[in-house]
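Using the hints, position chains H and V against chain B.
So you can see what is in the structure, the chains are spelled out below.
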Amino acid sequence: MAVDATKLPNTAPAVEDVGTIPQWKLMVRRFRKSKLSVAGLIMLIVLYTLMFLSDFIAPYQHNRIDSNYAWAPPSQLGFANGKVVTYALKQTLDEVRFEWIYAPDLENPIPVEFFVQGYEYRLLGFIPSKLHLFGVPDGSQINLIGADKDGKDVFSRLLKGSQISLTLGFVGVLISVIIGSIVGTASGYFGGAIDNIIQRLIELLRSFPDIPLFLGLAAALPMGVPVEVRFFLITIIIAMIGWTGLAREVRAKVMAFRASDYTSAAIAAGASHWHVITRHLIPNAMSHIIVVGTLAIPGAIGSETALSFLGLGILPPAVSWGVMLRDAQTIEAITNYPWMLLPVGVLIIAVLSFYLLGDGVRDAVDPYA
Amino acid sequence: MTTEQMAPNSSINLTSHDDVVRVEDLKVSFYTQLGVVRALNGVSFNIPRGRVLGIVGESGCGKSITGLSIMQLVVGAGRTEAGRIMFREYAGQEPPVNILDYGKNSPEMRKIRGNNISMIFQEPMSSLNPCYTIGNQIEEAILLHQTNDKSEASKRAIEVLNKVGMPNPARIAASYPHELSGGMRQRAMIAMALSCNPTLLIADEPTTALDVTTEAQILDLMRGLQSEIGTSIMFITHNMGVVAQMCDEVAVMYMGRVVERATVDDIFYEPRHPYTISLLQSIPRLGRRSGKLASIEGSVPDPYSTTPGCSFHPRCPVAIKGLCDTIEPQETIVDAAKGHTVRCHLNS
Amino acid sequence: MLNFIARRLINMVVLLVVVSFVGFFIIQLPPGSILDVQLTKMRAMGGDISRDQMKAMAERYGINQPFSTRYYKWISRSVQGDFGTSFATDQSVGDRIWGRLSISLGLSLFALLFTWLVSIPIGVYSATHRYTVPDYIVTLFQFIGLAIPGFLLALVMLIVATRYFNQQVGGLYSSEYQDAPMSLAKLRNLIEHVWIAVFVLAIGATAGLTRVMRANLLDVLNMQYIQTARAKGLDEAIVIWKHAVRNAIHPLVAALGTLLPALVVGETLVAQVLSLPTIGPMYLDALRQQDMYLAGTILVLLSALLLIGNLVSDLLLAWVDPRVRLE
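Protein sequences appear in the order of chains B, H and V. So for the first sequence, the numbering used here puts the first residue at 1; every next one is plus one. So for the second sequence, the numbering used here puts the first residue at 370; every next one is plus one. So for the third sequence, the numbering used here puts the first residue at 718; every next one is plus one.
One thing to keep in mind: the hints can contain errors.
DEER-style ranges, computed between Cβ atoms [said to hold, decoys possible]:
#1 Gln23(B) <-> Glu521(H): 23 to 31 Å
#2 Glu597(H) <-> Ile194(B): 57 to 65 Å
#3 Glu107(B) <-> Glu909(V): 45 to 53 Å
#4 Glu521(H) <-> Trp958(V): 39 to 47 Å
#5 Arg29(B) <-> Glu909(V): 48 to 56 Å
#6 Thr695(H) <-> Gln23(B): 34 to 42 Å
#7 Ala268(B) <-> Glu521(H): 51 to 59 Å
#8 Pro838(V) <-> Gln23(B): 55 to 63 Å
Read the hints as simulated data drawn from the structure, not as lab findings. We put the CB at the ideal spot given by N, CA and C, even for glycine.
Next comes chain B alone, as it looks inside the complex (with noise of 0.2 Å):
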């Protein structure tokens, strides 16, 4: 077939490959139509990236306390002579309002260093290091976005909370995706009894309202245990409450797909259970549940954040986005010491790219939108 693509106008690509590129490449190309999808992965990948490397980035520990610091503003930088700088801070007690006033002390440039030896960490979880991208000889600190009210380095901070906040959201979907899956595909394929059963046992959970069961189920959990301990059993609860939802949409997918021709030449055709559910039912069902989760994801993300935020999730020492919200939660706090809202910033732009990610691939996977 000849194609005269002069006659075509410029808002026409080549189509000559149309009917024989895969689906998954109609995908990408439909996906890459929506910009603002687009930031969301590059986002996503920039913030996930940043997770994995965060002991390396983060110049202190996150719990390293230094009163003399106690809400430092963010540090000052600067050049001189041809080496990036910052400057120590002059403290002065202001009498009135008992508090320290703190100014940079310009006449004293302290040099930033990049590549330098820090506290020991463990990159990626099992690589032993102790380099650092960057921090200040000791005796001065360096606060990019200030310090809280111990003192503690709020960029520090901000990098290891994301090792939970961005994780357990990300996790507990993850679980409630297969959970309800399975469940979802067993009750819309297999009818009967077995989908009876599980739908009153979905309909029963659903009768609670979420976050007030969340926050009951949250209530219960042992107090003083370690910190993975604690973080796993939220993640239990984040998948317990999320997986019926989920359940019940895979299941109408399943159902419509077992009505289906092919699915019924299939079985006419000697196909075993297990064969008509991974060849036929999943493969159709995939996208959509990719979908769902990837739109789960942020609800999970804010869960936790309030969770911690209520003082019923993630627990101090160890370090959440939520928890460090809680030193956000007065006016004066936030007109003080505006710095101590960053985590919601990042927060905010976390979920908006996993929406704006979800929105995107549901557009693209969807052949009829």
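Frame of chain B, contents of chains H and V only:
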């Protein structure tokens, strides 16, 4: 063949001033993400007053878009690029109205829709709003165009339901679409379309989704009502059998163009375009068991591309190399008296 | 129709019984008996509990008795409206719950109204003007509305209101109206205090429902009956509002059931920031202080609210869509 159903004088002048609608060189394109689809590439035909014109062609040839264009109901990325659609409400109306001069949602256009020209769609299951009763939906059109009196409107709605052969019109009027069968819904649609006595009825494959028995009933009903009311019908279908049963004249469409236009007799007995001939050969016939059913080689080319020369040449069994694949054939008159025209190099 | 309601009511009662059972199970999960909590509290305040008092309380809450007995004691008292005495404040739980629950419900109803009044027209506009600049702006605001945590918005609005509009916010009334009888001035004062709460509460749900409305309307606009309506000669506005919106509104009606309790509790963080006397902070305090009888009662009450909300939305759905009536 039901030749006795055909009106006695099948001959009609092409340039008659008594056409309900004349479509002239209509071009419609769709601007999609994957490219431009040229749905109509210069469609021209006329619908004579009081007669049934069949529009035939494969899926995707532009039949439905032609119908929707006359109603100005093309939605989404569709754009009318050129052409005129001249409409005469009554015989001899001068000058005729160019429908395309009106905005899609202009009061003038809305006065034509449902009142002068109405339309029936393919899917009776989804063409009625599930939230309102049948009576309510028919009254809506009557109240819009005919009367302001609510009780008068509901009386007329029941009347028109009776006319389309509904067994218990008052009860049907009070029921919701999901309570009716497909055939009943299509009757309700016809009732709605005819409720304001339109000059032209556009029927877009109205029986395709129905079973054969119901199809026959609906066709009978439409034919009966047509001769009773005298409404012109533009009957869009891909089924040559239905054409034989319903139509006075036929326009065969291929790739957004009318390739042949003739009376129903001429189409069946003196087809000129190779595409028309292939279409006729692919009709299964009773009592003829000569092995394989004829089919047209290849399939409709992908809609994003444009074909140089005659759009049918890649599939044409008698295409002339060097001519058909380079030069686009023009519309030529085969029989001026009967209005038989064809777009094919073999006939020019 | 009556049959439908009756069946739903029976279903609801059965569910409520099971819910109360599960709810009670959850709330008695934390280690340590309620008595221990009470004892620690009394001792911290310098007093002590006599042996008789302890015995009476152990009897009242069925400590040392099997789960089923404790459940029975709790539920039978709850059904009679005796929610017990809260450990934390020694005050009748019933009065406090009802007072706070009614404030929560009032706020949530206003928020729901706001949500509907805003999300339907904006969703419709956005769908009918797809891929135009206003649509993109609406979409952007929707995402931001979804992504901003309510308490932050509350904080920001609190700052704006106090700093720039010199408004007193937080709580329900200014101090001078606290104990005054209801009057127009008091009502005005109330509105000045709660509008931020209503706005903040509603904004997340509004963003979500606007998106749903837009997506649904886009689906419905592709339906054949929309073309039928246009083919009748109806004005586009009537086609949209009479024929399309009514078919697209299902999820918004269905959301009523889940939204109401979600709003009632969703304000927990917001109420925390705005110091509103609603049920959310009360529930939270109960959980923190391990006052599990109070927490359990609230949890079950909220579940009941959810079930009632679902029933109401089902009835509304049947009213909107004749196809639902048959089932």
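Can the suggested window of 57 to 65 Å be confirmed for the beta-carbon pair Glu597(H) and Ile194(B)?
holds (58 Å)
### Query
For the pair Arg29(B) and Glu909(V), does the Cβ-Cβ distance stay inside 48 to 56 Å?
The hinted range 48 to 56 Å holds for Arg29(B) and Glu909(V), with Cβ atoms some 53 Å apart.
task = Starting from the hint 55 to 63 Å, judge whether the C-beta atoms of Pro838(V) and Gln23(B) obey it.
result = violated (38 Å)
*Quick one: are Ala268(B) and Glu521(H) within 51 to 59 Å, going by C-beta?*
holds (57 Å)
Assuming the hint says 23 to 31 Å, is it satisfied by the Cβ distance from Gln23(B) to Glu521(H) or not? violated (56 Å)
Could you tell me whether the CB distance from Thr695(H) to Gln23(B) stays inside 34 to 42 Å? holds (36 Å)
Item to complete: Return holds or violated for the Cβ distance of Glu521(H) and Trp958(V) against the range 39 to 47 Å.
Response: violated (25 Å)
Exercise for the section: Please test the hint of 45 to 53 Å on the beta carbon pair from Glu107(B) and Glu909(V). Expected result: Since the Cβ atoms of Glu107(B) and Glu909(V) sit about 51 Å apart, the hinted range of 45 to 53 Å holds.
When each numbered hint is compared with the structure, violations occur for hints 1, 4 and 8.
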